[in-house]
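2 protein chains.
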Amino acid sequence: MAQHADHAGPERGDREQQVLDRIDRARRRKPKVREERITLAHGSGGKATQTLVEAVFLENLRNPVLEQLEDGAELAVGNARLAFTTDSFVVSPLFFPGGDIGDLAVNGTVNDLAVSGARPLFLSAGFIIEEGFPVADLTRIVTSMSEAAEAAGVRVVTGDTKVVQKGGADGCYVNTSGVGVIERRTRLGVETARPGDAVLVSGPVGDHGITVMLARGELDIEADVASDTAPVHEMVADLLRAAPGVRALRDATRGGVATVLNEIARASEVSVVVDEGAVPVRTEVRGASELLGIDPLYVACEGRIVVVVDAAQADAALRAMRAHPLGADAANIGHVVADAPGMVLLNTAFGGTRIVDLLVGDPLPRIC
Amino acid sequence: MAQHADHAGPERGDREQQVLDRIDRARRRKPKVREERITLAHGSGGKATQTLVEAVFLENLRNPVLEQLEDGAELAVGNARLAFTTDSFVVSPLFFPGGDIGDLAVNGTVNDLAVSGARPLFLSAGFIIEEGFPVADLTRIVTSMSEAAEAAGVRVVTGDTKVVQKGGADGCYVNTSGVGVIERRTRLGVETARPGDAVLVSGPVGDHGITVMLARGELDIEADVASDTAPVHEMVADLLRAAPGVRALRDATRGGVATVLNEIARASEVSVVVDEGAVPVRTEVRGASELLGIDPLYVACEGRIVVVVDAAQADAALRAMRAHPLGADAANIGHVVADAPGMVLLNTAFGGTRIVDLLVGDPLPRIC
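Taken in sequence, the protein lines are chains B and U. Residues in the first sequence are numbered consecutively from 15, following our numbering. Residues in the second sequence are numbered consecutively from 15, following our numbering.
Everything labelled a hint here was simulated from the structure, so no lab data went into it. Everything numeric in this text was worked out from a predicted model, so none of it was measured.
Identical copies go unnamed one by one, so any copy, or any two together, can satisfy a pair.
Straight-line Cα separation of at most 27 Å, BS3-like style, residue types lysine-lysine; simulated pairs:
#: 1; residue 1: LYS46; residue 2: LYS61
#: 2; residue 1: LYS44; residue 2: LYS61
#: 3; residue 1: LYS180; residue 2: LYS46
#: 4; residue 1: LYS180; residue 2: LYS61
Chain B extracted, bound-state conformation:
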């Protein structure tokens, strides 16, 4: 048996060993933050965030669950399998077309649970409020959270409120953590993509980030866009029923689709090839992105998922998503190959190929 394992390489079920191997490699790599001070780029979800997380958080808090760096941690308590996740929201402005920090905070955590393959159940809500913040605005945020929670079928069961002096925060920040139950047998994970797999997105990318950016009013651009903030758990449930060959799921938030694909390529030691022309982008979002000098692939969505699925089930997966209102414009945008492990390659509309690397810097701070 040992001999067999030597030759066969890691089996899909052999996740603990894969994780231990990765810990081992990470230890040898010894990542280091070169900057002496935190910059906005450390919050972008891109390269600087990754280094910070590995050098400061993982180095010190290292354990096999955290090491997986999934959107939700998978835990066993009694005979229940739980997903547990956390997210702080610092979006500016607090209110924007299509949503506000309240429903964003609920949907964000619901979606992190959903893409962990869990049924979202319970949320916590922690508020950090700046002295002088209007009570009416806080009430509007909480009302929005309540409506979002009801729509997603979750309950906010515990909370906390802190107030800091004027200038100690920018209005209001919200942390939501979430607990869900994992009922499916197979495991999902960014490290499970295999050559030949198809890569799908559930709809147009970049709506949320561009909407928030324009809502700041600092740019002289007007566009008819709204945030895509929405709870994806029902669409994910439909998807997983229709296509049990789904291997990895992520919601494309901070850092956008490009960041998710880089995480998959890196964790699975494969490369992802994306067909630029196949990526759905709304005309308004494409236009605003060009004016801002940003690639929509890096712009946050808050109601879109990236799916890696066995190619044989790609059509079934697309059909399942398209049958749901949130997935009406789902598209097959690329595939997984064995060459150039860790890379994301874009076949451009002009027939060229370029590398889609992790984001450097943060062109869109405080989008979520």
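Go by the hints and put chain U onto chain B.
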């Protein structure tokens, strides 16, 4: 049976009905925040916090679990009973004698789980960091979290990092949420105190709050005090084994022992009578409190618990706490009576009696 229930009043096990009754009463009361803007007092844990929580959070997010306003929500998932809790930490300064925001954030959530009667298992960690914050300080905070988690036997399994522009935060804020498993049969709750019960504290009160206040260096007071930040879960486990008649447990954080006693008096519709001379307060803390014009009963601790226990088991409970290093100075400080429901009364050292009300204003902002 209905007739019997009419006469007997709510049974202890009849918690759901009690909660529904309380929802009903709260609905009739219709709390309202009179201020138009958030003040520091809304974060004090006192009267303004209570009104804010009831008027804004409960009014909008109302459900029977949240309604209990316990430190941890009790949840059923599969055959497991879980406790789930959240806390944001905005303490200033970030580093102080006896601890820092890192171990404070771990111990605070471990303790909220412990006083819910749960065995703490898993934590999340969410960071909001101000641009320009030293990476070395962040590393020190995370190292401290790691050591505190190891000491408390919990794992940080999921995290999140956000960065806001300079001036958008004061250094670094940390949210921890926690999941624990509830293994005991009987339920704990602030609404279960009965006339005759004894009220205990596990040690000297106010060390943490006074330490942080003095560490700010704004006052010309020096005192040899250190924060009491510590994980109380083992002491609580010993206590619950030795005294199954424990009815309510709370860690006396923001708002101090006085706030906890008010919550118990209010929720249980009893009054709590405290013997001022029996409350353990260190000489340095008493001296600094007098200079600051604060009653130590309102000053936050981060490693002290308040216990309501069947009087017949008060000595057993004290012995169990005193056998643990964190409870060496545990004391019986008062008892529960039926008169004047909702009130906390202090028998002073001078032979008088005064009402210990919920805190108005916030003399000690950003203590935790």
